[in-house]
Amino acid sequence: MRRMKTFLRSISVQARRRRLARPTPFAALLLWALVPLRPAHAQAIERAPDTMEARLQPCAACHGAQGQGVANSDSFPRLAGKPAGYLYNQLVAFRIGRRHYAPMNYLLEFQLDPYLRAMAEFYAAQRPPLPAPAVPIVSNDVLRLGQSIVMHGDPSRGIPACSGCHGPSFTGMEPAIPGLLGLKPSYISAQLGAWRYGTRTATAPDCMQIVAGHLTEGDVTAVAAWLSTLPSPENAAPLPRGTLALPLACGSEPS
Amino acid sequence: MENIVKMPLRPRNMRVRWGRWLALAVALCLPIEARSQPAATDTVAKQGEYLARAGDCVACHTNPGGKLFAGGRPMPTPFGTLYTSNITPDAATGIGKWSADEFYAMLHTGRSRDGGLLYPAMPFGAYTKVTRTDSDAIFSYLRSVVPVSAPNKPHDLRFPYNNRSLILGWRTLYFTEGEYKPDAAKSGEWNRGAYLVQGLGHCAMCHTAINALGGSSEAQAFQGGLIPMQNWYAPSLTSNKEAGLGDWSIADISDYLGKGVSHRGAVYGPMAEVVYNSLQHLTAGDTRAMSVYLKSLAEGSPPGAPVSTVAGAESSLLMTLGKTVYDGHCASCHGAQGRGLTPQYPPLAGNQSIQMESAVNPIRMVLNGGYPPGTAGNPMPHGMPPYAQILSDDEVAAVVSYIRRAWGNRGTAISARQANELRSALLD
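For the protein sequence lines, the chains are R and C, in the order given. The numbering of the first sequence is our numbering, which starts it at 1 and goes up by one. The numbering of the second sequence is our numbering, which starts it at 1 and goes up by one.
In case anyone wonders, no lab produced these hints; they're calculated from the structure. Just so it is clear, CB atoms sit at the ideal spot from N, CA and C, and this is done for glycine as well. Don't take every hint at face value.
[As the list claims (entries may be wrong)] DEER-style ranges, computed between Cβ atoms: (1) R:G242 <-> C:I390: 36 to 44 Å; (2) C:E177 <-> R:S186: 37 to 45 Å; (3) R:R117 <-> C:S187: 42 to 50 Å; (4) C:G116 <-> R:G97: 57 to 65 Å; (5) C:R113 <-> R:P114: 35 to 43 Å; (6) C:S187 <-> R:G97: 38 to 46 Å; (7) C:A284 <-> R:P128: 42 to 50 Å; (8) R:P114 <-> C:T172: 31 to 39 Å; (9) C:D327 <-> R:N140: 48 to 56 Å; (10) C:E421 <-> R:S186: 53 to 61 Å; (11) R:I210 <-> C:D327: 46 to 54 Å; (12) C:D327 <-> R:P128: 22 to 30 Å; (13) C:S424 <-> R:A125: 35 to 43 Å; (14) R:S186 <-> C:P160: 30 to 38 Å.
[As the list claims (entries may be wrong)] Quick partial rundown of chain C residues pointing at chain R, CB under 10 Å, derived from the structure: (15) A185; (16) S187; (17) E189; (18) W190; (19) N191; (20) Y276; (21) C333; (22) G340; (23) V360; (24) Y371; (25) I390; (26) N420; (27) L422.
With these hints in hand, go ahead and build the complete structure from the sequences.
Right, here's the structure in full:
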């Protein structure tokens with residue numbers, strides 16, 4: 001009985017593949033006989049696609065199929081092209097509840113490390129085009145302040161240049177410093193705010209906590225606005241590991 | 001056993017499941033005599049580790065990202081917050097001074113080393129069935145873990161629930177002390193399954209209705225309940241109207257428990273924690289034994305009665321909208337006919353768990369989506385997207401009503417209000 005079913009099944013698959021072009025009369029008869037008995041027959045042999053794209057459909061709802069971010073949302077960040085080590089660290093942080101966003105904490109709560117790594121590697125390898133730079137809604141003075149902090153820091157207040165770690169064209173550095181391109185100003189502000197208030201933390205020493213701790217609210221607005229106006233660089237890939245000597249030690253980025 | 005050691009531990013979402021102990025009573029103190037404990041051999045400790053997995057001690061006694069068995073995990077209840085105990089062998093703050101006798105007495109009677117009554121949030125109502133040999137093995141395993149110095153946090157319960165003597169009333173109504181007694185009329189496999197399900201598995205803690213007094217009574221064991229503070233419904237395991245395991249194959253029940261996915265349904269919600277931390281680590285033999293026992297519980301109970309198929313104008317509108325939402329958002333995975341692409345995408349047609357009287361689970365699935373737990377048998381699960389940010393309350397109500405009634409399913413329609421009420425469930 002079982003064998004018979006397998007046999008019938010294989011015929012019907014082949015027939016479907018050939019779009020029923022020239023089924024043998026025998027197979028055609030069988031197929032016809034089969035239809036009223038097992039209407040769901042075709043379904044029984046289909047499988048969920050064994051791909052990362054299929055597995056990451058829940059994430060695509062908010063981050064886009066390639067992790068490009070969702071155009072009409074202010075808070076769903078771009079993931080594509082960020083270093084895999086950085087993305088993995090974030091997924092672990094969401095899983096254990098160190099980083100908070102309830103829908104993601106819930107989705108990841110019972111997933112294994114190798115799966116989180118595979119997710120991170122999937123998004124790290126995507127290269128969808130960056131969105132067009134944002135049209136700034138702040139004054140030129142604010143933009144100038146933003147640019148100055150990002151490019152040069154403010155040594156008098158202990159703020160290192162952001163570019164010293166995130167790279168001169170803000171593409172990040174392997175293995176665990178993220179690029180800052182393609183992010184909405186509201187997302188950047190929210191993350192810097194979360195570090196200032198201690199609701200987002202990274203492995204100690206948490207260099208971003210030190211950096212964000214020195215920024216005023218006005219600095220945050222300025223920095224976020226200026227970063228979001230940057231055009232995409234020719235090469236959006238993160239810098240190789242060790243390219244930059246970091247101005248502060250970061251627990252997540254071994255020097 | 002190898003993988004038991006290596007799996008990362010994930011403690012349970014502690015918005016948990018257990019009864020009230022409203023009735024008043026007087027506290028008794030039975031001092032328990034301390035005796036010296038036997039030296040643990042390595043194999044005994046290994047066996048104990050396996051049994052501690054079966055008992056899911058880690059779910060409650062370890063904080064997320066915290067030290068193994070150091071306790072301090074908050075358990076919110078309707079009466080305040082309990083904090084679990086440090087059960088590492090630290091002499092000052094853990095159970096380092098306990099003897100095996102004292103440990104067995106605690107599991108068996110629900111009384112602490114000093115004779116004080118324990119809150120039933122520690123599932124001693126189930127653990128009382130554990131044999132002395134198994135208790136000793138768990139104890140020697142606990143003696144072998146790294147001691148952590150972490151004083152127990154005092155519970156934060158409102159008056160009068162902060163008075164432990166209230167527990168006595170709960171115990172009178174709901175607690176029967178005693179080890180598991182094998183049923184000679186049944187197979188060894190069935191008895192092994194019953195021992196694990198009723199004892200270490202403490203399945204009835206969730207799968208039992210919380211009655212007026214909040215206890216789960218013996219007579220109602222496994223009859224299904226809405227888990228307080230958590231807004232999930234654990235279906236009855238004894239009835240074919242709910243989980244209805246009576247017509248599942250043993251292979252499907254075993255896959256569900258051991259891998260987290262099966263051709264009949266996938267694991268989600270609080271059950272995901274149970275499979276992740278506990279059930280996936282059991283041997284194939286023990287999983288099968290549990291499946292044999294669970295199947296027998298539901299066998300013979302009648303299937304649900306068909307609901308009237310005559311639909312009013314309003315409900316046919318709901319079904320039309322529901323079908324539109326379903327075809328647009330759901331059919332790509334669950335199939336136009338609700339047959340799913342099993343085991344990754346569970347079937348919805350004929351799936352008892354979405355037709356139960358309580359519609360909490362399918363509503364929450366649609367709002368929050370989910371992944372079955374990662375297991376050795378299914379390490380990279382396929383998942384379902386959340387729809388909370390995409391569908392309106394009306395659309396959620398329509399699609400949930402649709403899947404509860406289409407394809408011969410016998411569930412009832414739900415309202416937009418019911419959908420709305422569960423929107424915040426994930427966030428609190």
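Violated hints - listed by number, lowest first: As far as the earlier hints go, 2, 4, 8, 10, 14, 15, 16, 17, 18, 19, 23, 26 and 27 are violated by this structure, in ascending order.
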